[in-house]
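Participant: Chains as they are written, first to last, in UniProt numbering: chain X, 1 to 80; chain Y, 1 to 80.
Certain hints may be false.
[What the hints assert, rightly or not] With a straight-line Cα cutoff of 25 Å, these simulated DSS-like cross-link-like pairs (lysine-lysine) come out: (1) K65/Y <-> K3/Y; (2) K20/Y <-> K20/X; (3) K41/X <-> K41/Y.
For the record, the hints were derived by calculation from the structure and aren't laboratory data.
Computed from a predicted model, the values in this text were never measured in an experiment.
There are 2 protein chains.
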Amino acid sequence: MIKARVTVTLKNGVLDPQGKAIEGALGSLGFDGVHQVRQGKVFDLELDTSDRAKAEEELKAMCEKLLANTVIENYSISLA
Amino acid sequence: MIKARVTVTLKNGVLDPQGKAIEGALGSLGFDGVHQVRQGKVFDLELDTSDRAKAEEELKAMCEKLLANTVIENYSISLA
Chain X
1 MIKARVTVTL KNGVLDPQGK AIEGALGSLG FDGVHQVRQG KVFDLELDTS DRAKAEEELK
61 AMCEKLLANT VIENYSISLA
Chain Y
1 MIKARVTVTL KNGVLDPQGK AIEGALGSLG FDGVHQVRQG KVFDLELDTS DRAKAEEELK
61 AMCEKLLANT VIENYSISLA
């Protein structure tokens, strides 16, 4: 069994209104000097295999098909 | 200027219907043997400071006040 974490973030240049809203909220809470806030997603999952290479390949396919919208998002995979 | 990443995940025991839905969707796409899917959030931000200790302290305060709901979520902070 392999634990993995997939992190999906917006590509550079893609507008992130949610990040902007968080930046504004942080500012109004008194946190000054915070810039470039971008929000992404993280998926933690467990795979029924002990073959790390196979797991990585399968995770990549999951990202391409479901977890990330590769037009506007990047993903990174890390195995525990 | 310090770049930081804050990762917010659901605490163990907190139900994650979104994660369950993703697990189901992966299954119906033919990805078998995927379990314990949990979705979290990630925030990338830049701080106008070069004092890493102060940055970490400030990020902790941001998590407590805005970025995470500490009743049901854990957070972790990493500085680039």
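Participant: Next, verify each hint and record whether it holds.
Facilitator: Here's how the hints hold up against the structure:
1. With a CA separation close to 20 Å, the supplied pair K65/Y and K3/Y stays within the 25 Å bound.
2. As the CA atoms of K20/Y and K20/X are separated by approximately 29 Å, the hinted pair breaks the 25 Å bound.
3. In summary, the hint linking K41/X to K41/Y is supported, as the alpha carbons are separated by about 5 Å, within the 25 Å threshold.
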